[in-house]
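Given the coordinates of chain A, assemble chain B onto it according to the supplied hints.
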Amino acid sequence: MPTPAALEVTDLVKTYGSRRAVDGLDLTAHHGRLTAVLGPNGAGKTSTIECCEGLRTPDGGTVRVLGLAPDDQRLRSRVGVMLQDGGLPTAARAGDVLTHVAAMYARPRDVHELRDRLGLDAFARTTVRRLSGGQRQRLALACALVGDPELVFLDEPGAGLDPQARAAVWALVRELRDRGVAVVLTTHQMDEAQALADDVVVVDHGRVVARGSVGELLTGARHTTTRLRTREPAPLEAVRGALRPGLEVRAEPDGVLTLTGDLTPQDVHRLTGALAQEGVLVADLTVGVRTLQDVFLELTGTELR
Amino acid sequence: MSALDGTAGTAGAAPVARRLAAQTRFELAAVLRNGEQLMVTIALPLVALVVLTSATAIELSTHGRSRVDVVAPGVLAFAVLSAAFTSPAIATAFDRRNGVLRLLATTPLGRSGLLAGKVLAVLGVQLLSGTVLVAAGVALGWRPTALGLVEAAGLAVLGTAAFVALALLVAGTLRAEAVLAVANLVLVALALAGGVLVPVADLPGPLAAVAPWLPSGALGEGLRAALTTGAVPAAPVLVLIGWAGLLAAAVARTFRWD
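As given, the protein sequences belong to chains A and B, one line each in that order.
Under my numbering, read the first sequence as residues 1 to 305, first letter to last.
Under my numbering, read the second sequence as residues 1 to 258, first letter to last.
None of these hints come from the bench; they were simulated from the model.
Stretch by stretch, here's where chain B covers chain A in the computed footprint (C-beta under 8 Å, at least three residues):
1) 46 to 55
2) 68 to 79
3) 84 to 90
4) 93 to 106
5) 141 to 150
Remember, predicted model here, so these are calculated numbers, not experimental data.
Beta carbons are placed, not taken as given, at the ideal position from N, Cα and C, and that holds for glycine.
Chain A on its own, in the form it takes in the complex (with noise of 0.2 Å):
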């Protein structure tokens, strides 16, 4: 018998005056298994995960939340939540913080050991109002797991940390994951998706627009996209008149070039020696990598929002 979703949301709808925010999504997220909701700045994420926190009500669906009604009392202490904007008291040290919300529940995670894991240790006694957007991060990060919860809803988890704390967050939710727990995090960094979902949902519009693991994701893609970095400027007509029609050449603003369409070995041969002729170094090649960054930009568009 497999085992009962952590998470179950169907047909959520949530409106903010004539504002549908979230538009009949369905989501569901399992224990020992880490889903991101992916998706542009308001596409619905933060009020999607809101309304299975129960701080906001549905306007219409259903969302079930370890079997019980999101706003059930019982949900407290075995549901663990980041918000965005972190929610921790500003005046108070952030060590104080984390023993105070440990001191909510009955059998908490051992402070010290997620003071070390996040290195909390280093601003133990600064007061929240003066600690960097990293550590914030980190606190409520800590803040959310302390109860040892079941199921753990991070919201944008990534945002503001450098490289080492990143990778400290990354190494703890993993691990939460391993131990069975379900992690349901928001996010709009791609890297951050790719590297530790297990399933990805990808929203816009307050609607689910692509589901899947991430392989399913990448592998249902209609092409193959090749990124050209060169020591010059490529030129792109140049680039254009060696290729066959079919294939499709893109400038990126960073100066890579992409291209969409089947690759052959003859292409990159033709297109190298086009190359050549104009006296420009190729400096970096990658043929046929897709990241989810591509899938992203494919299902939700490229306009800003």
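What follows is chain B alone, placed relative to chain A:
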């Protein structure tokens, strides 16, 4: 212990009493660490007590009693007002803006525990300021009766209910910066013109007519009656109960957690 060993129900939460005690201690520590809040809840009333009692240049109608007899109850009313209104209004407004109310609502403390902790912390601050002020009053020659003090404590609790509700009403509807201004302005206005420091009888006509119906005037007059005559008239008690009910209902309807 694994996260999946079936600790269902509220088993994972600390007992209610421990959660409340922790929250009360946390809130109390926040007030005591905050210089401005200590200033307004303890230092300011203490200065008012000493100055109004000893500076005879300030005219007071004492009706044959010593100055401290008239000043002390008003100062206690002021301390109740500042601890129950100004201090929690500002703290709650900033907690709301910073998402603290939302975060703690997701822990076993919950929203009700959060509010209960705030109220208990207010009572704790009042116990502290009341002790300091009564001791200072006694040092200045004040001799309240034990009965009067017990009655005063009862009135203070009623006043606290009304003013904490008022604090939550502004904290739960206005922006934090607006609350900061409103909470201090209302404190000063009520202290001087609302029947707190200045007895209702000494207020100019229109104010004297309105003040007894305000929670501030009811608290001030009630405390003055309790601590000078030992008898509490019904009117202030009923006014405070009425305001507490009215304001609590308004809070329940309008409070926004984010």
